[in-house]
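Chemist: Protein chains in written order, with the numbering used here: chain A, 1407 to 1725; chain B, 110 to 440; chain C, 3 to 451.
Keep in mind the hints are simulated off the structure, nothing from the lab. Cβ coordinates follow ideal geometry from the N, Cα and C atoms, glycine included. Mixed in with the good hints there might be a few duds.
Stated by the list, open to error - Derived contacts from chain A toward chain B, CB cut-off under 10 Å, selection only:
no., residue
1, 1482
2, 1526
3, 1561
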Amino acid sequence: MSEQMVDRSAVAAQQPSTTASPRKEAGYVHRHRADWRGWKFMWPFALVFVFVFVVPIVYAVWISFFQNRMIGGTSFVGLQNYSRLFVDAQFWSSVGRVALFTVVQVPIMLFLAGVMALALDSLKLHGTKFFRISTFLPYAVPAVVSTMIWGFVYGSKYGLVGSLNDVFGTNIDVLKPSVLLAAIGNINTWEFTGYNMLIFYSSLSTIPHALYEAASIDGASEWQTIRRIKIPELRGSLAITVIFSIIGSFQLFNEPSVLQNMVPGNAITTYYTPNMYAYNLSFAGGQSNYAAALAIVMAVMTMAIAYMVQLKSMKEQMK
Amino acid sequence: MKRMQEAQRSVEFKEEMRKARKAEADRARRTISDEKAERRRAAKNGFSNPANPSRSIALTFVCALFVIYCLFPFLYLLVNSTKTQADFTSTFGLGFGKSFALWDNLVTVFTYQDGIFGRWLLNTVLYVVLGAGGATLLAIMGGYALAKFRFPGRRLCFAIIIGSISVPGIALAVPQFLLFAKVGLTNTPWSMIIPSLVSTFGLYLMWIFSDQAVPDELLEAARVDGAGEMRTFFQISLPLLAPGIVTTALFTIVATWNNYFLPLIMLKDSNWYPLTIGLNQWKDQASTAGGQAIQNLVITGSLVTIIPLVVAFLLLQKYWQSGLAAGAVKE
Amino acid sequence: MRNSKKTLAAIVAAASLVGFAACGSSADSTDASTENATGQIVFWGWDSGNSMKDIIKQFEKANPGITVKFNNTGTANDTSTALSNAIAAGNGAPDVVMLEDPTVTQFAVTGGLVDLSKFGADSYKSDFAQGPWNKVQYDSKPYALPIDSGPEMFFYNKAVFDKAGVDAAQIKTWDDYYAAAKKIRATGSYITNVSGGANDYQPFTAQAWQAGAQPWKVNGDNITINMTKDAGMQKYIAFQQKLIDEDLIDTKTTNWSDDWNRELNDGTLASLTIGAWMPVNLISGAPDQAGNWRVAQLPQWKSGEEVSAEDGGSALSIVSQSKNQAAAYKFIDYLTHGDGAQIMADTGTFPSLKSILSSKEFVDPTTASNKKTNDYFGGQNVNKVLSEAAQRPVTAFQYLPYNPYAQNAYGDEIAKAYTKEISLEQAMQNYAKNLAEHGKQQGYTVTLK
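Chain A on its own, in the form it takes in the complex (with noise of 0.2 Å):
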């Protein structure tokens, strides 16, 4: 996962609360004509956004729609780089990999965090603070490192795994075909189980203390109280984190890359995942033309996948 689903999941820190509603209806002013005053505030931003994500976005359309041979040169030739796509078999199988890195590695980086929050803000904890913040820590390790670490650790021959192996007479490989999806998604759940987890905790910060203390009284278990209380308050910042792992699980590329070497067999194709492939058609491959293809229906797919599952909660609260 990139640098900018790191960025994303956090997002939902300052999520407002699906149950309270902090905008009042008053408080826009020159309602009835044309407040231009916004762009005050705004124009910088989209400025510079203009230029780093629209005009590229548009102009890899543009080009989707060409394609480049070293003999013949660059022609125009429609769809055909799309067509091509959707009979592409190493495209599909780099997308199966990554839908199912998302259906199994999301759902338990998100229960983990989720425990975690519970259990911190249960206020059961010898400690509190030092468990935030450590397992916030792995957040700060660059995804080039982690994976370098975790890649030394996996070695059935020389990592901690090879060492486990020959203390228990053992012979487990995590870096084998069959686990390595799973290896990888152990990196990036120890990146942002974290991060997540403190997402969730803020978000149960919000609850004020006089809903426990009524529960209290009315004779809630604990059990319940979570139930009740604590996991409905979770939904509104599970939208976020959901939407935000989908789309940062599709473009998983640094973690693999970096991998590639220290996997045995060639276990890591050149078109492990969509991302990879791209990049690997662009830059090896010659191909920019049919990766920029690619990359728009990737994106596509992961904004309507994205859209199924959660977005439209999110689009309310954001009215």
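Guided by the hints, dock chains B and C onto chain A, whose structure is given.
Modeler: This is chains B and C only, laid out in the frame that chain A set:
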């Protein structure tokens, strides 16, 4: 006459704000003392309150396992940065080597190749100051605009920003590169700084935060008072946004500090590399024909790379945690 | 508001200024008059010997008026990626670029590189070793000058071979090698590692090349791909399959990984067939085995033959975008053919210039750099063995014009044979199909056999 009114309003207004802040601080203090008293009571009579329960050793133990999982890669890094290259390739990963070479490694990291690592460190700091700093500023202003104004195109801004998050970074990389190359910005610090200025996440964070932390009534009052939008922003809104700003800054700093893909594409002049790319180049050095393996330097360099962020996290802990919590505090 | 506007305006202005300044400086350097050959040239490449700075200093001293700005662009892959990006952008390419020999064609075909015969480089033909020279020709014209070369060698760990009771000096053919592999496997070590990853592509081409294989034939726009029916390929495939089936090679360790270094360092891997540039990597990667490693000529497919092959090797080219080609040529001439070549050789680069290969100094065991290497190799005169290999005859071998793609696809398709999912022959067939498909996409007329 008008001026007097203005002055009076402004005084009232400041008064109002002071009150609000005081109330907030009082509330925080009350909560803390309440909790303390509660804990003392609980300890004395064994009665537990759900808001302030007694500590559980079992739960602590389970969570400790998770913390070990989170921290042991750091231990690995620390242990291995004390090894020489020879020890690194020949001794157990989580055990110490035959010699303790941490200081030698540190010295070598900063002197190898004419001390280029120091240059990389400075570059990274430059990118963070200008890139992350700028990103925070733009996010504050943009988020504030989205939260506090209904301007034409607001919804479009919103839709485009959300939509563009789903576009894979790689899709942007090639066109971004071509675009920057055409303007002649590749291989300059600007190719790293300008894209870093956009933090869609930061924008969102500040949007939510402005929405909650800056009461519309306050702005209304200032406007009626005749204060310009910019003055209102700097004198009234900005102080209220402080905790959110610290949090946003922290996240943009981490994103810039750890950015790998952008400089990988944009920069080919090692004098402008940030730490991540520099380290990766050192890592790959062993895989070029005739190149020397310097894994010990890569490991030690990695340690040096993450230390500033870890320290920043620890030092700013109070601020970003209160930022996160404050953002969520609602009356 | 006004203040912040000003600040932002200043930032934007500063940004564009720097941008223009960058344009300006490169324009200055490249517009310089070509007759005088002065000005600044930008040079992209890697610097494995850590010596580029000194060499450039020497060059600038010998050629006043020319300054060289060296950018260490990382690995060979990174460099060719960066170059193809800059060529695609039509802006920002260097004047001089270091490329791996087989990659040169790809850029020559698409017009990215300058034909060096216009500077008279074609007259250097007999000065360079045949292998590297042939690899940088496209359409019978030199598009690069070789800066180093990599005749494939047989490096072995004598201690491990002794333990297994094998006299490595007596390994003359691949059959001998096979017999030795069995004995070494019996001791628990492996004779070598092959995992079929992209990093094994170069050793693969070298060994197939040595077997006389011609998997790819390129003739203008026509490409013939023959991965499994070519006699040399069949020889190679059968041999590798035997090693895989009998578990005689370590298929789990990838070249250049940390595991690889460790296994070379602890004796798990007993030998390597790899380019002549390997000694430096061994000295730093396998320090514990100092004194144990030796080098010998590559085993032969037919006993009595002396056929060599090339693994790796890099060259310097001038990029078409360069506006200061005369100065650029002066620089690559200095580095590959002039005084710079000697300095490169002295700092550990394996030369491709015949005059250096056969010079007394090159094989003189008393020079500092030779002594260091020879000590590691148990007193053996390493360069003597290597230079002998470099001067052996090599048959012509053609790489595909889209070599970087071929290298990546190799890992995708061939690794399955080394994990025993499919036979190597099957994998080679898949590989051939993959390459043919890509060739067609690139506008070539491809014949798949």
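Chemist: The structure should be examined with respect to each hint, and the outcome stated for every one.
Modeler: Now the hints, each set against the structure:
no., hint, in the structure
1, 1482, "violated (18 Å)"
2, 1526, "holds (8 Å)"
3, 1561, "holds (8 Å)"
The earlier numbered hint that this structure contradicts is number 1, and it is the only one.
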